[in-house]
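Protein chains in written order, with the working numbering: chain A, 84 to 490; chain B, 84 to 490.
Please keep in mind that the hints were generated in silico from the structure rather than gathered at the bench. Keep in mind that a hint or two might mislead.
Which copy is meant is left open, because identical chains are indistinguishable; a pair holds if it fits in one copy or across any two.
Below 27 Å or equal to it, Euclidean Cα-Cα: the simulated DSSO-like pairs (lysine-lysine) are [stated by the list, open to error]:
{"no.": "1", "residue 1": "Lys99", "residue 2": "Lys135"}
{"no.": "2", "residue 1": "Lys366", "residue 2": "Lys92"}
{"no.": "3", "residue 1": "Lys479", "residue 2": "Lys467"}
{"no.": "4", "residue 1": "Lys230", "residue 2": "Lys179"}
{"no.": "5", "residue 1": "Lys179", "residue 2": "Lys165"}
{"no.": "6", "residue 1": "Lys181", "residue 2": "Lys160"}
{"no.": "7", "residue 1": "Lys353", "residue 2": "Lys92"}
There are 2 protein chains.
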Amino acid sequence: MKQSELFTKTLREAPKDEEAINAKLLIRSGFIFKEMAGVYSFLPLGLRVLNKIENIIREEMNKIGGTEMRTSVLQNKNVWEKSNRWNDAVVDAWFKTKLKTGADIGLSFTNEEAYSNILKQYVSSYKDLPIYPYDFKNIFRNEARSKSGILRGREFYWKALYSFSRDEAEHEKFYEKAKAAYRNIFKRAGIGHLTYMTFASGGSFSKFSHEFQTITPAGEDTIYLDESSKIAVNKEVYTDEVIAELKLKKNDMIEKRAIEVGNVFSLGTKFSAPFDLRYRNEKGEEKDVIMGSYGIGVSRLMGTIVEVYHDERGIVWPESVAPYRFHLIELKSGMGKDLYRRLRAKSNEVLYDDREISAGEKFADADLIGIPYRLVVSEKTGGKIEVKKRNAKGSKLVSYATISKLL
Amino acid sequence: MKQSELFTKTLREAPKDEEAINAKLLIRSGFIFKEMAGVYSFLPLGLRVLNKIENIIREEMNKIGGTEMRTSVLQNKNVWEKSNRWNDAVVDAWFKTKLKTGADIGLSFTNEEAYSNILKQYVSSYKDLPIYPYDFKNIFRNEARSKSGILRGREFYWKALYSFSRDEAEHEKFYEKAKAAYRNIFKRAGIGHLTYMTFASGGSFSKFSHEFQTITPAGEDTIYLDESSKIAVNKEVYTDEVIAELKLKKNDMIEKRAIEVGNVFSLGTKFSAPFDLRYRNEKGEEKDVIMGSYGIGVSRLMGTIVEVYHDERGIVWPESVAPYRFHLIELKSGMGKDLYRRLRAKSNEVLYDDREISAGEKFADADLIGIPYRLVVSEKTGGKIEVKKRNAKGSKLVSYATISKLL
Numbered sequence: 084m085k086q087s088e089l090f091t092k093t094l095r096e097a098p099k100d101e102e103a104i105n106a107k108l109l110i111r112s113g114f115i116f117k118e119m120a121g122v123y124s125f126l127p128l129g130l131r132v133l134n135k136i137e138n139i140i141r142e143e144m145n146k147i148g149g150t151e152m153r154t155s156v157l158q159n160k161n162v163w164e165k166s167n168r169w170n171d172a173v174v175d176a177w178f179k180t181k182l183k184t185g186a187d188i189g190l191s192f193t194n195e196e197a198y199s200n201i202l203k204q205y206v207s208s209y210k211d212l213p214i215y216p217y218d219f220k221n222i223f224r225n226e227a228r229s230k231s232g233i234l235r236g237r238e239f240y241w242k243a244l245y246s247f248s249r250d251e252a253e254h255e256k257f258y259e260k261a262k263a264a265y266r267n268i269f270k271r272a273g274i275g276h277l278t279y280m281t282f283a284s285g286g287s288f289s290k291f292s293h294e295f296q297t298i299t300p301a302g303e304d305t306i307y308l309d310e311s312s313k314i315a316v317n318k319e320v321y322t323d324e325v326i327a328e329l330k331l332k333k334n335d336m337i338e339k340r341a342i343e344v345g346n347v348f349s350l351g352t353k354f355s356a357p358f359d360l361r362y363r364n365e366k367g368e369e370k371d372v373i374m375g376s377y378g379i380g381v382s383r384l385m386g387t388i389v390e391v392y393h394d395e396r397g398i399v400w401p402e403s404v405a406p407y408r409f410h411l412i413e414l415k416s417g418m419g420k421d422l423y424r425r426l427r428a429k430s431n432e433v434l435y436d437d438r439e440i441s442a443g444e445k446f447a448d449a450d451l452i453g454i455p456y457r458l459v460v461s462e463k464t465g466g467k468i469e470v471k472k473r474n475a476k477g478s479k480l481v482s483y484a485t486i487s488k489l490l
Numbered sequence: 084m085k086q087s088e089l090f091t092k093t094l095r096e097a098p099k100d101e102e103a104i105n106a107k108l109l110i111r112s113g114f115i116f117k118e119m120a121g122v123y124s125f126l127p128l129g130l131r132v133l134n135k136i137e138n139i140i141r142e143e144m145n146k147i148g149g150t151e152m153r154t155s156v157l158q159n160k161n162v163w164e165k166s167n168r169w170n171d172a173v174v175d176a177w178f179k180t181k182l183k184t185g186a187d188i189g190l191s192f193t194n195e196e197a198y199s200n201i202l203k204q205y206v207s208s209y210k211d212l213p214i215y216p217y218d219f220k221n222i223f224r225n226e227a228r229s230k231s232g233i234l235r236g237r238e239f240y241w242k243a244l245y246s247f248s249r250d251e252a253e254h255e256k257f258y259e260k261a262k263a264a265y266r267n268i269f270k271r272a273g274i275g276h277l278t279y280m281t282f283a284s285g286g287s288f289s290k291f292s293h294e295f296q297t298i299t300p301a302g303e304d305t306i307y308l309d310e311s312s313k314i315a316v317n318k319e320v321y322t323d324e325v326i327a328e329l330k331l332k333k334n335d336m337i338e339k340r341a342i343e344v345g346n347v348f349s350l351g352t353k354f355s356a357p358f359d360l361r362y363r364n365e366k367g368e369e370k371d372v373i374m375g376s377y378g379i380g381v382s383r384l385m386g387t388i389v390e391v392y393h394d395e396r397g398i399v400w401p402e403s404v405a406p407y408r409f410h411l412i413e414l415k416s417g418m419g420k421d422l423y424r425r426l427r428a429k430s431n432e433v434l435y436d437d438r439e440i441s442a443g444e445k446f447a448d449a450d451l452i453g454i455p456y457r458l459v460v461s462e463k464t465g466g467k468i469e470v471k472k473r474n475a476k477g478s479k480l481v482s483y484a485t486i487s488k489l490l
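The following block holds chain A by itself, in its conformation from the complex (with noise of 0.2 Å):
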């Protein structure tokens, strides 16, 4: 895309409101608007990192058996009655509102009566199942305060899956599988080496529940971690009794600070119970439906990337999920219009900043979208391009060849 034609445009200043890094970041170089605290327009550049970091947790969903849909974001106050959800002393997150008939309604703040309804009406029978269904979807959640940008929004774009088993042992075995494509997921979005699978506090059914924590001071939890094992444990059932069951030693534990990027959740029949959501087994006999929930905050993810990947400068994006892979600068009009042309015809890859600015606004542009390849092509460079990577510090002036074998 030629610069010249995206409307955004960045900002020497953020909100003065606003504290969090990443929504200073992406609010300053034009990914995100914010409409109030906790809410947030996605402009150009910020719908391709989310259209990137989408795809790429589509993708291990689908590898697993998943099969996408798309549930609505009104919801039926008869539906979450069903689990006592609907009551505001059990969820204090809801917003809600009425239709013109007079009917309550509330706004999607999570997915588990959602999908148990729906299902109901096609499972019946041991053939039926297991099943895996997901949507990408706003949730909505009324926050009392809101002040750490995309990291906790009281509208963000979120991916769930449920799991939905004949028994245990199935279950299980599905479960240990999405763990494993969270962790494939987090490599792919370049953050897989900061991200710990985390015991968590279970429920009903299951003493732990496990999170994806990511390492970063910004982070809103506390976990404690072991280095060797690359096992963590959350601080709140951080207990001796934890650490000894799960072989762990005090003293090996670090504390750190860390967001909450994914988790996964044994549910049991909590939420297909009150549905009724049961099937007849070969024998014929009625057995419970066992449910998993597998949570993924794309824009959290997003606001995560952000804190880990930032310098003094701007933005750092990782390659799998940056706007661009190549930032195209020409320090003289209409200079690299034809290398533009050759690239574009390659690739959707390429943001040219075609721009008639001085060189200094360009290269500060630049760093702060944080696009990972900078080419320069100027009168200096000859016939030649400088490429320089975002996160390092020299340049080098290479071929047209040597940048198309990067595309």
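Start from chain A and add chain B according to the hints.
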């Protein structure tokens, strides 16, 4: 996809309160799930159709210079007060709710104000214009009644593009381009021959707006159509004066029911002025930004296609938007496996009915779901494949080579 892994099943009956053909057929065939009147979830087959329609629209918007972004659902009262559209006496379709702080917020019912508010931050010079941002998003309207299935939802999926131009001439040029893009979209979605550009009421800044109306008895609108010129007039502006102005003849006009699948609207400064969205021209003079809006209901378009393309046995999807291109049916268990493997290696467009049910049930399901090419393998077909188009009477026995050419 293997049909045994698709969790949806065809249903004999639609919900009793459902009157619209589109909803009845889409629910029975497992494309959508009714959450409440006017609110539907999109099941795996339905999401595939929605994605295909979305991609057609996206391609056509990008071709005319559109830049995609994604604005929030939650809307700030302060923004909408500027144009006086927060007022329930002006807009009665808002869903409103409150933050825990007590602040009033609304759910997106359209996007003009949100766009002007964002662009105010970026537009100041003639160099910043023209721009054509657009969004795909869920839109919420608190309709008093909702009986038309996905033709008129309380929650629906929508594309809106807004044009921001320097003057009327620049605006008009883009407006014509957008009309041509809309014609392409409806043509590619298979309803071009039934969709008429229709003169409708304008506003303070233009005498007419232009709707794209698709002829079907399910339509909520009445239009008057001149078959020879392919021009239509919405009942709301169908006066002798307008007929004369458009050089039409009253005797040639035929009254038809139609669905408004898209509209383009010249907004002038109606939504730029309240945001003080102005720019400086080459001479340094302050000028108004001229806006236009270009909307398409993606889910409504899907419903319209069903209203137009169905018969007594089910849906008959046009190839461009069908959930899959091929419906492979084996009449004996395992017989289709090898063909599925070969087709699947080349294309993601095969639904493979590997279920162990009767041939009659499989054929009835295939007709209801409405995939364009039905491929049958059985003991009778030998090494060949019986191919039948959904909208054709006869079938043909062909070789794999013939099928693979259709991929």
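To see whether the hints hold, each was checked on the structure:
1. In this assembly of identical chains, Lys99 and Lys135 lie within 27 Å of each other by CA distance neither inside one copy nor across copies; the values are 30 Å within and 42 Å between.
2. For the identical chains of this complex, Lys366 and Lys92 are inter-copy neighbours only, at 22 Å across copies versus 66 Å inside a copy, given an alpha-carbon limit of 27 Å.
3. When the C-alpha separation of Lys479 and Lys467 is checked against a cutoff of 27 Å, the pair qualifies only within one copy, where the shortest distance is 10 Å, while the shortest distance between copies is 59 Å.
4. Within a single copy, Lys230 and Lys179 get their C-alpha atoms as close as 22 Å, and across copies as close as 23 Å, so both meet the 27 Å cut-off.
5. Taking the shortest alpha-carbon separations for Lys179 and Lys165, both the intra-copy value of 17 Å and the inter-copy value of 25 Å come in at or below 27 Å.
6. For the homomeric pair Lys181 and Lys160, the shortest alpha-carbon distances inside one copy (10 Å) and between copies (18 Å) are both at most 27 Å.
7. For the homomeric pair Lys353 and Lys92, the shortest alpha-carbon distance between copies (25 Å) is at most 27 Å, but the shortest distance inside one copy (49 Å) is not.
Figure legend: structure checked against the earlier numbered hints; the only hint not met is number 1.
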